[in-house]
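> If you're matching them up, the sequences are chains E and V in order.
Here my numbering is used: position 104 in the first sequence is 104, and no number is missing along the way.
Here my numbering is used: position 28 in the second sequence is 28, and no number is missing along the way.
Be aware that one or more of the hints could be misleading.
Claimed, not checked - Think about it this way: if two alpha-carbon atoms lie no more than 30 angstroms apart in a straight line, the pair counts; the simulated DSS-like pairs of lysine-lysine are:
1) E/K393 with V/K2
2) V/K389 with E/K92
3) V/K273 with E/K273
Claimed, not checked - Here are some, though not all, of the chain V residues that point toward chain E, as calculated from beta-carbon distances under 10 angstroms:
4) V47
5) S112
6) S164
7) R170
8) E171
9) D174
10) G176
11) T177
12) F187
13) T306
Treat the hints as calculated values from the structure; they're not laboratory data.
Predicted model only: the values in this text are computed from it and were never measured.
C-beta atoms are modelled at their ideal positions from N, C-alpha and C, and glycine is treated no differently.
Number of protein chains: 2
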Amino acid sequence: MKTAEIIATGNELVQGDVVNTNAAHIAGELTRLGVTVPYHTTVGDEVAAIGSAVERALERADFIVVTGGLGPTHDDLTRDAVALAVGRRLVKDEAALAEIEEHFRCRDTKMSALNVRQAMIPEGSDIIPNKTGTAPGFCLAHKNTRIFCLPGVPGEMKRMLEDSVLPRLREAIDTGTIWLCRHVHVFGLSEALVSEKIADMMMPESNPCVGTMVHDGIITLRMTTESQEQGRAELMQEKGEAEIRTLLGKAVYGTDDDTLESVVAALFKKHNKTIATAESCTGGLVANYLTDVPGMSQLLLEGMVTYTLESKSVFLNIPRERIQESGTVNAEIAGMMAQAIREKTGADIGLSVTGVAGPTSQHPGEPVGLVYVAIATPDGVEHKEFHLKGTRKWIKLLAARHALNTLRLRLMSL
Amino acid sequence: MKTAEIIATGNELVQGDVVNTNAAHIAGELTRLGVTVPYHTTVGDEVAAIGSAVERALERADFIVVTGGLGPTHDDLTRDAVALAVGRRLVKDEAALAEIEEHFRCRDTKMSALNVRQAMIPEGSDIIPNKTGTAPGFCLAHKNTRIFCLPGVPGEMKRMLEDSVLPRLREAIDTGTIWLCRHVHVFGLSEALVSEKIADMMMPESNPCVGTMVHDGIITLRMTTESQEQGRAELMQEKGEAEIRTLLGKAVYGTDDDTLESVVAALFKKHNKTIATAESCTGGLVANYLTDVPGMSQLLLEGMVTYTLESKSVFLNIPRERIQESGTVNAEIAGMMAQAIREKTGADIGLSVTGVAGPTSQHPGEPVGLVYVAIATPDGVEHKEFHLKGTRKWIKLLAARHALNTLRLRLMSL
Chain E
1 MKTAEIIATG
11 NELVQGDVVN
21 TNAAHIAGEL
31 TRLGVTVPYH
41 TTVGDEVAAI
51 GSAVERALER
61 ADFIVVTGGL
71 GPTHDDLTRD
81 AVALAVGRRL
91 VKDEAALAEI
101 EEHFRCRDTK
111 MSALNVRQAM
121 IPEGSDIIPN
131 KTGTAPGFCL
141 AHKNTRIFCL
151 PGVPGEMKRM
161 LEDSVLPRLR
171 EAIDTGTIWL
181 CRHVHVFGLS
191 EALVSEKIAD
201 MMMPESNPCV
211 GTMVHDGIIT
221 LRMTTESQEQ
231 GRAELMQEKG
241 EAEIRTLLGK
251 AVYGTDDDTL
261 ESVVAALFKK
271 HNKTIATAES
281 CTGGLVANYL
291 TDVPGMSQLL
301 LEGMVTYTLE
311 SKSVFLNIPR
321 ERIQESGTVN
331 AEIAGMMAQA
341 IREKTGADIG
351 LSVTGVAGPT
361 SQHPGEPVGL
371 VYVAIATPDG
381 VEHKEFHLKG
391 TRKWIKLLAA
401 RHALNTLRLR
411 LMSL
Chain V
1 MKTAEIIATG
11 NELVQGDVVN
21 TNAAHIAGEL
31 TRLGVTVPYH
41 TTVGDEVAAI
51 GSAVERALER
61 ADFIVVTGGL
71 GPTHDDLTRD
81 AVALAVGRRL
91 VKDEAALAEI
101 EEHFRCRDTK
111 MSALNVRQAM
121 IPEGSDIIPN
131 KTGTAPGFCL
141 AHKNTRIFCL
151 PGVPGEMKRM
161 LEDSVLPRLR
171 EAIDTGTIWL
181 CRHVHVFGLS
191 EALVSEKIAD
201 MMMPESNPCV
211 GTMVHDGIIT
221 LRMTTESQEQ
231 GRAELMQEKG
241 EAEIRTLLGK
251 AVYGTDDDTL
261 ESVVAALFKK
271 HNKTIATAES
281 CTGGLVANYL
291 TDVPGMSQLL
301 LEGMVTYTLE
311 SKSVFLNIPR
321 ERIQESGTVN
331 AEIAGMMAQA
341 IREKTGADIG
351 LSVTGVAGPT
361 SQHPGEPVGL
371 VYVAIATPDG
381 VEHKEFHLKG
391 TRKWIKLLAA
401 RHALNTLRLR
411 LMSL
């Protein structure tokens, strides 16, 4: 079995200002490929420290992935350290330079002389293109080890890992074993409950084998299937996903690149329905998620953030007396908001969210975390009540996700 | 200066199932003490791997902190590996055993025979009590190095670090050197340009010494000051920040916990001004940022997401002919949106954002990434034009940040 080492560079990492999430991401991807990753190392922005980590890894690993230190500034030293460790000089790569120049031309921004440093790579290396930033990566072979150097910015690193590094590794490994991986996304159940329901599929000997990850309230099941034959592996994946869907029901909202908002947008398109939103505690986050999906401009007729009492009464015509009597965080007001925005805009569906995001509550009957989501359709109004826990931002995020999920379940029943 | 190394153990870490947050936490605490942490290492649950990491660290560090592998099961191997690395045998610590038994007695739970393993520590070690779990830690001195072994569960580790490890380190160090760290946040300049302007302060020998980090379009300068005297260190920090502000001007928007939105919200409160927003391409993201700050409900009178042409004409009274003539992404429409939302709501300031977030553009004159931000005040309307690059979500994020920054600069000029 091939082995890999991950070396993350950056003073912000060794000094603890930033958590090294890159190593876990890369390790996860390599493990799924069937590569063992016995060591991760983190070092500061020093040529000697980076070089010594690379030299040590060269003694024992088939692959080395280095992240960080490819920027334009004086503390970006990965190029120099790797060149020293493999005994090569740095040369200017004209293609890389052209790409960096193009990056700045597109942005109509002046390129600094420092950026030229980013085109210097160890002789004999290949450039790894960076489509989202200025720092190109590079890879090279030294004795029996292949070294891949990627930027430290997680978004850029992930894209380059997927586009350029993983395909090369797959080719280099080629054990004949097929590894397939699929992500199945779940919302609305606790991780413990999900784990209980799919316990059998989480056993290490299970194939497909499922692991769980939790991120921003979403539970993602990582299903890995191993087989000697592609067709059989694909069939096992399909069967595995079907089994998960049977066990978890409608809580499964999508796979791989699906997001709650992309699934909701697809349902709107499928049923040719329009929507308008009236948000209080989520402050525009639901509209923001919906507009993350290209093409929603045809379907989101209007989003309103009616954050103040005044705006709820003026723009949504909710009688002041009602608000004074019962406050703004209850099923009745949520329903009135959803109906009002629907009528005002002529949308097929009106969605409202009202709640208390905290950190404090103004009214004893409205505790922090109490959230109502209401949906108005031609058939009437329905609402859901949620009791969420956490910081202000976390409650906003969960409330917005629950609003999207409520929309999803309603659209599925059409 | 004393150096420390952090070794985290666990298959879940090296395989990327869990992000190693422990290392960052420990590194942050040690750095604040004035201890340099040149290396973090992560290894799997294997005696050889853990032992080799410990041996290597023994060669070069004054302190070693090991996390994980202290549980009761067969893959908890830190005790064995450390004992081997320092050439000592494992002995049963009666006090530790009594503590573990007490833990189970308190919880009225049967103790497994496996838990006895947790009381085995290298001869000559001291127990580090664990008040919240079953796994006691231990520490020992070997030649000139002190080794601290803590459990991997973050809550238990943090408590034991604070209660038992940091006090011992403080005592052992006592160099008299004070280390202060401050973050200075910058928006609107490229990292290369910032680095050029503050190049002198980025030299390793500079004191304060500055490093850069980039996150979601924000550049954060990490300024570290070293002195033998607290008062002097504080003065140097103040001077350093003042120097950065002189070099970078208004691009500096805050320090430490400040965010663009918290700074903007504070300016609104200071000047007792209200705001209303009309967003097109940012889809509610500006309102969402503003409502991340507690108390903005008094000041954000309304947020509108006028995403469709129809909503711009109906809700913001922008004449259809104008939109048909010149499209919706230009300075004129941005200005009309800002003015309309201001008039409609009676807010002191009206803010609008219109642009093309992509991935495609409908009109040749409106390329993806073209964004206008306009601000309407009693003094009139002003606008800014931006050319942004990236994915749809990235353009939305940058556009929202530029909108907040435009607000900030306008409020500063009041």
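> Take the hints in turn and mark each one as holding or not.
Hints and how they fare:
1. E/K393 with V/K2: The given pair, whose Cα atoms are some 39 angstroms apart, is violated under the 30 angstroms limit.
2. V/K389 with E/K92: 26 angstroms, holds
3. V/K273 with E/K273: Status violated; Cα separation ~39 angstroms.
4. V47: 13 angstroms, violated
5. S112: 21 angstroms, violated
6. S164: 19 angstroms, violated
7. R170: 17 angstroms, violated
8. E171: 21 angstroms, violated
9. D174: Result: violated, 21 angstroms to nearest chain E Cβ.
10. G176: 21 angstroms, violated
11. T177: 15 angstroms, violated
12. F187: 15 angstroms, violated
13. T306: 6 angstroms, holds
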